[in-house]
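2 protein chains.
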Amino acid sequence: MKFSRRSFLQQTAITTTALAVPGILSASLPSGKKKAVGLTKGSTILFQGDSITDAGREKTRQLPNSGGSFGGGYAFLAASAILQKFADREPVIYNRGISGNKVYQLAERWQADCLELKPDILSILIGVNDYWHMRGGNYDGTVADYERDYRKLLQDTKMALPNLHLVICQPFALPGTSAVDNTWTEPMLGYQAAAEKICMEFDGIWIPYQKIFDEALKYAPATWWAPDGVHPSMAGSYLMASAWMKAVLGEDI
Amino acid sequence: MKFSRRSFLQQTAITTTALAVPGILSASLPSGKKKAVGLTKGSTILFQGDSITDAGREKTRQLPNSGGSFGGGYAFLAASAILQKFADREPVIYNRGISGNKVYQLAERWQADCLELKPDILSILIGVNDYWHMRGGNYDGTVADYERDYRKLLQDTKMALPNLHLVICQPFALPGTSAVDNTWTEPMLGYQAAAEKICMEFDGIWIPYQKIFDEALKYAPATWWAPDGVHPSMAGSYLMASAWMKAVLGEDI
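Protein sequence lines correspond, in order, to chains A and B. Per the working numbering, the very first residue in the first sequence carries number 90; after that it's consecutive. Per the working numbering, the very first residue in the second sequence carries number 90; after that it's consecutive.
Source of the hints: derived by calculation from the structure; they are not laboratory data. Heads up, a few of these hints could be off.
Okay, the calculated bits of chain B under chain A, using three or more residues with CB under 8 Å as the criterion [claimed, not checked]: (1) 142 to 156; (2) 206 to 214; (3) 238 to 252; (4) 257 to 269; (5) 318 to 329.
The structure displayed is predicted, hence computed values, not measured ones. Where a beta carbon is used, it is the ideal one built from N, C-alpha and C, also for glycine.
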């Protein structure tokens with residue numbers, strides 16, 4: 090017997106209705122007016138960002154499509170899903186996140202770590218360190234610097250790669266955890282608004298991770314999703330990957 | 090607008106029909122007569138096996154639900170999905186695969202690495218080294234030894250943990266790769282048949298990985314799924330995780 094994806098869902102309705110995922114994503118992602126990006130043969134995807142993207146990847150060989158070069162975060166999970174679900178397109182996927190990066194540090198390494206890779210889809214998650222390091226007194230950049238530097242980075246990128254699909258991920262922080270308390274919420278709103286504004290200016294796909302994690306708190310506490318409030322757990326990373334897949338490629342994982 | 094999982098699938102029908110996954114799994118997994126295992130609060134899941142399960146995990150702390158302790162293989166991908174999709178049940182998931190293990194080596198460490206963890210679901214993938222190391226002249230066990238040792242291991246396990254759900258994974262090898270050629274196929278059939286026979290004896294859930302990978306070859310060559318024919322790529326690991334989720338928990342990922 091062959092069975093379709095839909096009849097399979099019907100058979101397991103009792104199990105699936107109890108799941109957290111569909112509820113979280115349907116409540117927090119836009120309603121699907123934006124068309125999913127299509128992958129063609131050899132489409133190149135680049136994940137960029139800070140430690141959340143880095144997730145312990147090796148940085149000597151930095152191979153595409155290779156587990157060790159991807160670390161153990163949302164980029165590994167999303168890339169694994171893409172490489173399987175779109176195997177016939179042979180996508181080429183890179184992770185170039187670097188722990189601790191702020192937006193100006195992306196700019197410093199952009200030629201080698203973005204432009205030369207010629208991505209068809211560029212996904213960026215940056216901003217939590219722009220706030221965190223300033224809060225900690227190790228950095229004097231403001232939210233205005235973040236917005237200006239981010240805009241400049243994307244202007245340069247679009248100039249070099251005009252057909253690029255942009256994916257801008259909302260920076261996030263989860264209070265009630267080992268590193269984050271409620272005093273983060275208000276200032277983070279500024280960075281989040283700046284990222285969203287820039288995303289709209291460049292017609293990017295917006296992934297509202299703060300909203301997604303806020304919704305996820307209905308199912309489990311903040312420490313389940315990110316023990317320190319910044320770095321996602323396995324569950325948090327999977328939630329991020331599934332949101333990415335749905336928002337960018339129109340795929341459930 | 091809220092939209093259900095089903096209406097989302099309808100909206101994206103054009104995209105999803107081109108995917109490899111549903112075809113691979115519907116063609117290679119049983120038709121769903123077997124009921125999916127339900128997870129309750131605090132359900133404990135243990136992944137056991139060799140390097141395919143190990144996938145570079147750290148072995149000092151060996152924490153449950155922790156990325157570093159899971160390595161970068163199918164166990165990490167499946168566990169991440171479970172921890173997200175069943176967040177409200179707070180499952181506890183361990184990886185105790187060890188690179189190079191044959192079935193008798195599982196037995197040597199079974200008290201600490203299985204029985205004391207008291208899993209509700211125990212998943213085992215073992216067998217490729219029982220053949221590979223014998224073929225290489227570093228081991229003199231036969232397929233009869235594999236079957237006998239495997240049966241004894243499960244008898245002891247069921248004695249100690251009578252309510253355990255067993256998941257037995259078919260050992261596999263993909264010819265046309267750097268370590269595996271066509272001379273592996275015939276002898277591997279013996280190990281695969283022994284594992285399936287034992288799975289039936291203990292009323293386990295069978296995951297036909299050889300069949301699944303054979304089906305996947307319709308979409309991409311063997312090296313896409315496992316460059317050396319034994320250790321899966323990111324794509325191969327995701328395929329394994331999605332098959333595990335569907336066969337054991339009745340879930341698409």
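Verification of the hints:
Closer than 8 Å: that is the beta-carbon criterion, and the segment 142 to 156 of chain B has 5 residues meeting it against chain A, so the requirement of 3 holds. Counting residues of the segment 206 to 214 of chain B whose C-beta lies closer than 8 Å to any C-beta of chain A gives 0; at least three are required, and the coverage claim is violated. With 0 residues having a beta carbon nearer than 8 Å to a beta carbon of chain A, the segment 238 to 252 of chain B misses the requirement of three or more and the stated coverage is violated. Note: the segment 257 to 269 of chain B has 0 residues with beta-carbon separation from chain A under 8 Å; the three-residue rule is not met and the coverage is violated.
With 7 residues having a Cβ less than 8 Å from any Cβ of chain A, the segment 318 to 329 of chain B passes the three-residue criterion, so the hint holds.
Consistency with the previously given hints fails for numbers 2, 3, 4, ordered from lowest to highest.
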